[in-house]
Amino acid sequence: MENFTNNELNIVDLPQFESVTLQRLQTKYRRVLAVNIGVVLLIELIILLILTLKPEELSTKDVLFFWLGGGIIGFCVVWLTLLGFRKKGYAFREHDLIFQYGVIATNTKIIPYNRVQHVALHEGLISRYLGLAQVEIYTAGVQGGDIKIPGLLKDDAERIKQLLMGKIQKEL
Amino acid sequence: MAVNFHEPQRQSKIGVLVLFLDTLYKILRGFAPLLLVVFINGGKISMFLLFMGLVGTFLIVSCVAYLRYTNFTFHIDPNTDEFIVYDGILSKTKTVVQLQKIQQVNITQNLIQRIIRVYGVQVDTAGSDKHESEIKAISHELALELKAKLLDAHKVATVSSTTEVDEPNSEIKPSTFLKINLISLFKVGITSNYIKSVGLILTFFFSVWGKLHEIGKEEWLEDKISEQDWMVNSIAYSILFGFLVLFTVVFLMNVVRTVIRYFNYTMTEQKGSLLISFGLINTKNTILRPSRVQFVTFSQNYFQKKLDVLELKIKQAVTDEKNHHKDRIEVPGCNQHEKKAILKLIYGKQPEQGMLLKSNWRRLVFALFLTIVIPLCILIPIVNNSPELQVSEVYGVIMGYVLLMATYQFFAYKTYRFFVGENYIMRQTGAWDIAHDILETDKIQAITTSQLFWHKSLNIGSVTLHTAAGNISFYLANFETLKHYVNGWLYQVESHDHNWM
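Residue numbers (the numbering used here), protein chains in the order written: chain A, 478 to 649; chain B, 112 to 612.
Think of the hints as simulated: they come from the structure by calculation, not from any bench. Be careful, since some hints might not be right.
Derived DSSO-like pairs (lysine-lysine); straight-line CA-CA distance at most 30 Å [to be verified]:
#1 A:K625 to B:K567
#2 B:K594 to A:K564
#3 A:K565 to B:K567
Anything over 10 Å on all C-beta distances counts as not near chain B; from chain A, calculated [claimed, not checked]:
#4 A511
#5 T537
#6 F569
#7 R605
#8 V619
#9 I624
Far from chain B, some chain A residues (derived; all Cβ distances over 10 Å) [said to hold, decoys possible]:
#10 L502
#11 V512
#12 F552
#13 I588
#14 R592
Glycine included, C-beta positions come from ideal geometry on N, C-alpha and C.
Hey, can you work out the whole structure from these sequences and the hints?
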């Protein structure tokens with residue numbers, strides 16, 4: 478801290494978080510998403526079948542209407558999930574980490590390393606089979622101060638965890 | 112007066128009275144809705160039964176108070192250096208607090224205790240925000256001596272420790288930092304929380320109605336209402352009268368509530384921390400540590416500005432997930448001068464207001480869309496499909512709502528401002544109660560920027576600052592400017608290692 482200076486600086490010269498090239502999630506992760514979508518669609522199908530399998534109470538127009546609506550919802554689920562996958566990205570800078578997500582709104586969340594409280598590593602059932610993992614980074618922020626990066630290679634996730642742990646240790 | 116605290120001690124004898132009133136208060140609070148129902152049934156209860164009921168209650172409360180008195184003992188165990196409190200009639204509790212762990216001993220006095228001239232003692236440890244043990248009624252000398260004993264042992268045990276403990280003699284001459292008098296509380300009472308109070312009245316009304324409904328007596332209330340036949344005579348007159356009654360009740364309720372809750376609000380300075388105690392019936396104590404403060408909000412409406420009172424909310428880092436409110440300190444009524452003193456204590460100086468950033472006009476349009484267009488889209492088809500409704504009257508009400516809401520949103524948009532300074536970020540919100548949030552840049556935990564895809568070409572977006580006490584967001588401002596600020600904040604947070612707690 479002794480040789481630390483705090484001169485007035487031009488805000489344009491600061492490193493810009495928005496011009497960082499983001500890393501994308503592993504393409505393998507799409508298989509996990511596919512399974513998730515499959516489950517959702519299956520549930521939707523069951524609901525639709527229950528609703529429409531009493532033909533005496535519904536006219537053909539109603540049945541058609543239900544199936545059309547169901548189809549649109551199903552399509553939206555698939556489309557949003559795939560687009561959501563494409564939109565997710567992360568980057569590790571010298572002093573902070575960046576995570577971008579969101580389809581309708583593009584959200585960019587930034588956590589400085591000196592605010593990280595702890596790091597957790599999650600593996601789902603399918604993810605483990607594919608050798609993928611999810612890293613979760615916690616801060617003391619009470620509402621939405623945390624970042625979850627899914628679809629990382631297990632080794633990468635482990636390395637990220639080590640990196641962050643190292644940063645936290647240094648801060649302490 | 113030498114008291115041997117090593118032997119189990121009882122509270123002072125007169126303390127039975129405190130316990131009596133305390134028990135009575137708790138019983139009354141618990142049975143209030145039931146009593147009301149009985150009262151409404153009025154005529155059917157004979158005087159004899161009423162008398163018996165009163166005598167019975169008196170006897171039961173006396174017994175409970177006496178048993179609470181005899182079963183409550185406290186002492187210091189010299190062998191293990193522990194403060195031990197026995198409590199309870201049927202389910203007994205033994206509270207053991209290690210003397211070393213004691214952070215704070217507060218001597219308190221609420222209204223009842225003041226009348227009877229006894230004092231309460233609250234013992235706090237670091238672990239939780241609630242009081243570890245509380246003695247309800249002992250004499251002042253005894254309280255002081257107990258406090259000295261409790262903290263004395265602590266000092267002997269941890270001479271080298273750096274734990275902050277207030278000196279026993281600091282209680283004798285505490286430096287009062289701020290004291291809110293009745294007039295200020297009255298001012299706050301008549302100028303705030305209208306909507307909350309109206310809500311409370313409605314809830315009360317409906318809960319009484321619900322209770323009556325359960326016992327099949329709701330006609331009683333309906334009859335009472337229809338009995339007021341003058342109401343039908345003139346709608347305008349009855350509406351005016353209704354408003355008058357409602358506002359009187361709201362005023363009274365607000366004043367009474369504010370006074371009960373914040374009576375004798377005192378802030379005492381103690382080694383850079385503030386000790387806060389308030390309350391008429393239940394005295395509450397909290398500690399404000401400047402380093403734990405995450406952000407400060409002060410709010411003021413037009414009347415309060417004229418009367419020079421403002422409400423201050425200080426949010427500390429959340430330590431207990433379940434008790435968020437414990438980390439929020441409210442100063443119900445202070446003037447500009449006192450506000451500045453509090454800010455100075457927390458930040459060491461007056462936070463400077465930075466560069467102004469305003470929101471895009473689309474923010475107003477979006478707010479109007481949410482609060483007017485969507486509700487109307489749902490309401491109008493319903494109104495048109497219910498033939499029993501007087502369409503013209505309903506549309507009158509709807510028009511009134513639209514006008515009111517539009518005015519509200521317009522002023523809310525007008526006040527919506529963001530100020531970014533070198534070390535402080537401020538946000539101004541509200542239409543009637545205008546609130547200012549002050550956030551120190553170093554307290555930022557994480558930052559989220561957000562932009563809807565159709566706002567990309569317009570170059571507007573939002574930012575959310577995550578702190579350990581909640582979020583502060585600013586919506587739909589120039590995105591380029593926001594991103595510059597974000598880079599600046601990140602630089603500030605990352606380049607020095609300030610403690611945020």
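Do the hints match the structure? See the list:
1. For the proposed pair K625 of chain A and K567 of chain B, the alpha carbon gap of about 25 Å is at most 30 Å, so the pair holds.
2. With a C-alpha separation of about 19 Å, the suggested pair K594 of chain B and K564 of chain A falls inside the 30 Å cut-off, and the hint holds.
3. For the proposed pair K565 of chain A and K567 of chain B, the alpha carbon gap of about 18 Å is at most 30 Å, so the pair holds.
4. Non-interface call for A511 of chain A relative to chain B: holds, since the shortest CB-CB distance, roughly 25 Å, exceeds 10 Å.
5. Residue-level check passed: T537 of chain A sits 26 Å from the nearest beta carbon of chain B, beyond 10 Å.
6. Every beta carbon of chain B lies more than 10 Å from that of F569 of chain A, the smallest distance being close to 13 Å; the non-interface claim holds.
7. Separation of R605 of chain A from chain B is adequate, the least Cβ-Cβ distance of about 29 Å exceeding the 10 Å criterion.
8. Non-interface status of V619 of chain A relative to chain B is broken: a Cβ of that chain comes within 10 Å, the nearest being about 5 Å off.
9. Non-interface status of I624 of chain A relative to chain B is broken: a Cβ of that chain comes within 10 Å, the nearest being about 8 Å off.
10. No Cβ of chain B comes within 10 Å of the Cβ of L502 of chain A; the nearest lies about 19 Å off, and the non-interface call holds.
11. Separation of V512 of chain A from chain B is adequate, the least Cβ-Cβ distance of about 28 Å exceeding the 10 Å criterion.
12. With a least beta-carbon separation of about 19 Å from chain B, F552 of chain A lies farther than 10 Å from that chain, consistent with its non-interface assignment.
13. Distance check for I588 of chain A against chain B: the nearest CB is about 5 Å away, which does not clear 10 Å, and the non-interface claim fails.
14. Look at R592 of chain A: its CB is around 5 Å from the nearest CB on chain B, not clear of 10 Å, so calling it non-interface is violated.
In the structure shown, a violation is registered for the earlier hints numbered 8, 9, 13 and 14, in ascending order.
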